[in-house]
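Peer 1: Sequence:
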Amino acid sequence: MGTLYQAPMKHQVIQDLQVTLQDSTLIFPSEYTERKSIFLSNIDQVLNFDVQTVHFFQANPDFPPEVVTEKLKSALGKVLVPYDFLAGRLKLNPEVGRLEINCNAAGVGFVVAHTEFSLHEIGDLVYPNPAFRKLVAKSFDSLKADDQPLFIVQVTSFKCGGFAMGVSNNHATFDGISFKLFLQNLASQAFPDKPLATIPCNNRELLAARCPPRVTFSHPELLKLIIPVGQEESAAPPVFDCPEEDPDFKIFHLSSNDVAYLKDKATGPPASPTKITGFNVVTAHIWRCKALSCDTGDDLSRSSTVLYAVDIRSRLCPPLPQYYTGNAVLSAYATAQCKELEEGPFSRLVEMVTEGAARMTDEYAKSAIDWGEVYKGFPHGEFLISSWWRLGFDEVEYPWGKPKYSCPVVYHRRDIILLFPDIDGVKDNGVNVLVALPAKEMEKFQTLFHKFLA
6 MGTLYQAPMK HQVIQDLQVT LQDSTLIFPS EYTERKSIFL SNIDQVLNFD VQTVHFFQAN
66 PDFPPEVVTE KLKSALGKVL VPYDFLAGRL KLNPEVGRLE INCNAAGVGF VVAHTEFSLH
126 EIGDLVYPNP AFRKLVAKSF DSLKADDQPL FIVQVTSFKC GGFAMGVSNN HATFDGISFK
186 LFLQNLASQA FPDKPLATIP CNNRELLAAR CPPRVTFSHP ELLKLIIPVG QEESAAPPVF
246 DCPEEDPDFK IFHLSSNDVA YLKDKATGPP ASPTKITGFN VVTAHIWRCK ALSCDTGDDL
306 SRSSTVLYAV DIRSRLCPPL PQYYTGNAVL SAYATAQCKE LEEGPFSRLV EMVTEGAARM
366 TDEYAKSAID WGEVYKGFPH GEFLISSWWR LGFDEVEYPW GKPKYSCPVV YHRRDIILLF
426 PDIDGVKDNG VNVLVALPAK EMEKFQTLFH KFLA
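Reading the sequence shown from the start, the letters are residues 6 to 459 in this note's numbering.
Among these hints, one or two may not hold up.
[Said to hold, decoys possible] Here are the simulated SDA-like cross-link-like pairs (lysine to any residue), alpha carbons at most 25 Å apart as the crow flies:
(1) 229 to 378
(2) 185 to 404
(3) 409 to 284
(4) 143 to 164
(5) 96 to 131
(6) 268 to 283
(7) 185 to 305
(8) 41 to 199
(9) 96 to 208
(10) 149 to 305
(11) 143 to 132
(12) 229 to 363
(13) 381 to 321
(14) 76 to 186
(15) 185 to 131
(16) 344 to 381
(17) 407 to 82
(18) 41 to 164
(19) 456 to 342
(20) 344 to 378
(21) 164 to 199
(22) 268 to 348
(23) 143 to 392
(24) 407 to 131
(25) 456 to 262
(26) 76 to 199
(27) 407 to 39
(28) 381 to 316
(29) 255 to 28
Since the hints were made in silico from the structure, they are not lab data.
Make a model of the complete structure from these sequences and hints.
Peer 2: Here it is, written out as structure tokens:
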């Protein structure tokens with residue numbers, strides 16, 4: 006049970022994806038937008054780094070890449086009116102020592118590129134090919150560092166008529182849920198005379214800390230950052246934003262039957278209130294394998310902590326508006342000694358993961374936000390599970406159709422394990438698990454991954 010994703014042969018993977026840049030420009034809001042500064046919540050503050058995604062589209066004779074390019078430019082201009090902050094620039098307010106977005110309508114980036122490869126020649130789209138990084142523009146070299154766009158789109162056409170839409174955006178602008186809503190709105194504006202799919206709520210002050218802040222929990226999932234005196238204002242630490250590593254990486258596939266098996270295995274006593282979800286059982290399984298594969302000898306007394314994101318929109322009182330555009334996820338955690346992870350019943354591990362999410366009540370979330378007001382710091386654990394499994398970017402309907410596949414541009418990190426879906430057409434409601442570890446730890450992880458599925 007559980008399979009190792011078969012990596013394409015080297016000759017089947019384009020390792021040097023030659024991309025020719027044809028044009029780069031800035032897209033501005035199609036109407037005047039108010040000049041103002043937008044408050045960023047304490048959740049937004051620590052997410053000051055870029056996220057890249059690539060959305061692959063098959064050829065559509067009614068929408069060749071040059072037509073798509075013009076429609077996307079027009080749609081971006083329209084959508085930048087309700088999303089005025091996206092055309093702004095990040096700035097530090099020296100009076101309060103906080104990052105803000107200056108809504109100055111300076112524009113978003115738009116890049117047009119071409120490659121002589123066809124879509125099928127670049128290989129398996131699910132496989133995390135480092136060459137896909139060339140499908141995303143990270144910055145505009147012609148602009149100064151403090152004038153870089155918060156959002157850049159790159160349309161790369163393939164010789165077959167298909168194309169890729171690469172997006173780079175500062176994580177302070179969106180979380181995964183609000184980014185999908187943005188894509189739906191962008192797609193809607195590419196149709197003639199179609200209204201926005203949703204009306205965005207841009208009021209980040211809804212997640213402002215209380216005054217005075219009240220930290221009512223210990224928050225072991227958060228780490229205080231010691232900042233030298235005099236450097237307080239310049240400190241805006243990003244979460245898990247460390248230098249890229251180059252460990253061994255593999256993709257493990259859990260089919261829908263595997264997930265169902267784990268759910269059955271997680272069933273506790275009849276009176277147990279544990280919520281058994283696909284995400285919870287997959288997280289518990291990965292946690293056990295990752296903790297026990299660490300290169301720390303056989304110290305079963307060592308504690309292991311897994312972090313995973315919880316959407317707080319519906320957990321707050323009152324709930325956040327459904328179409329809130331900012332980051333509204335916090336890190337839940339589960340901690341256990343390796344002895345319990347190895348010998349304890351799987352149902353207990355799932356219970357701990359479930360308890361971690363259930364801990365995220367209105368008061369706990371507000372306490373975590375207030376913690377960010379009192380201290381400088383960021384989420385801290387042995388590793389983070391980042392789930393793109395059910396975000397549904399490939400469900401967005403554009404005039405030229407839905408993406409064949411949507412995926413993050415992957416940078417291999419041993420402290421981040423990525424969950425992502427199968428490609429359209431071969432989905433079985435299973436999940437792919439991307440793990441990056443040193444070779445010896447990877448060997449042990451792989452053994453445990455299959456052992457605990459037996």
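Peer 1: Each hint: holds or not?
Peer 2: Evaluated hints:
1. 229 to 378: 11 Å, holds
2. 185 to 404: 16 Å, holds
3. 409 to 284: The hint holds at about 24 Å.
4. 143 to 164: Roughly 24 Å between the alpha carbons, so the hint for residue 143 and residue 164 holds.
5. 96 to 131: 36 Å, violated
6. 268 to 283: 7 Å, holds
7. 185 to 305: 41 Å, violated
8. 41 to 199: Violated: residue 41 and residue 199 sit about 28 Å apart, past 25 Å.
9. 96 to 208: With Cα atoms ~18 Å apart, residue 96 and residue 208 stay inside 25 Å; holds.
10. 149 to 305: 51 Å, violated
11. 143 to 132: It holds: about 21 Å lies between the C-alpha atoms, which stays within 25 Å.
12. 229 to 363: 24 Å, holds
13. 381 to 321: The given pair, whose Cα atoms are some 23 Å apart, holds under the 25 Å limit.
14. 76 to 186: 19 Å, holds
15. 185 to 131: Measuring from Cα to Cα gives roughly 19 Å; hence the hint holds.
16. 344 to 381: 33 Å, violated
17. 407 to 82: Status holds; Cα separation ~21 Å.
18. 41 to 164: 43 Å, violated
19. 456 to 342: With a Cα-Cα distance of about 19 Å, the restraint between residue 456 and residue 342 holds, given a limit of 25 Å.
20. 344 to 378: 36 Å, violated
21. 164 to 199: 31 Å, violated
22. 268 to 348: At roughly 18 Å apart (the allowed maximum being 25 Å), residue 348 and residue 268 satisfy the hint.
23. 143 to 392: Given that 25 Å is the threshold and the Cα spacing comes to 23 Å, the pair holds.
24. 407 to 131: Status holds; Cα separation ~16 Å.
25. 456 to 262: 16 Å, holds
26. 76 to 199: 13 Å, holds
27. 407 to 39: Roughly 33 Å separates the two Cα atoms, so the pair is violated.
28. 381 to 316: At roughly 22 Å apart (the allowed maximum being 25 Å), residue 316 and residue 381 satisfy the hint.
29. 255 to 28: 36 Å, violated
In summary, the structure is inconsistent with hints 5, 7, 8, 10, 16, 18, 20, 21, 27, 29 from the numbered list given earlier, while agreeing with the others.
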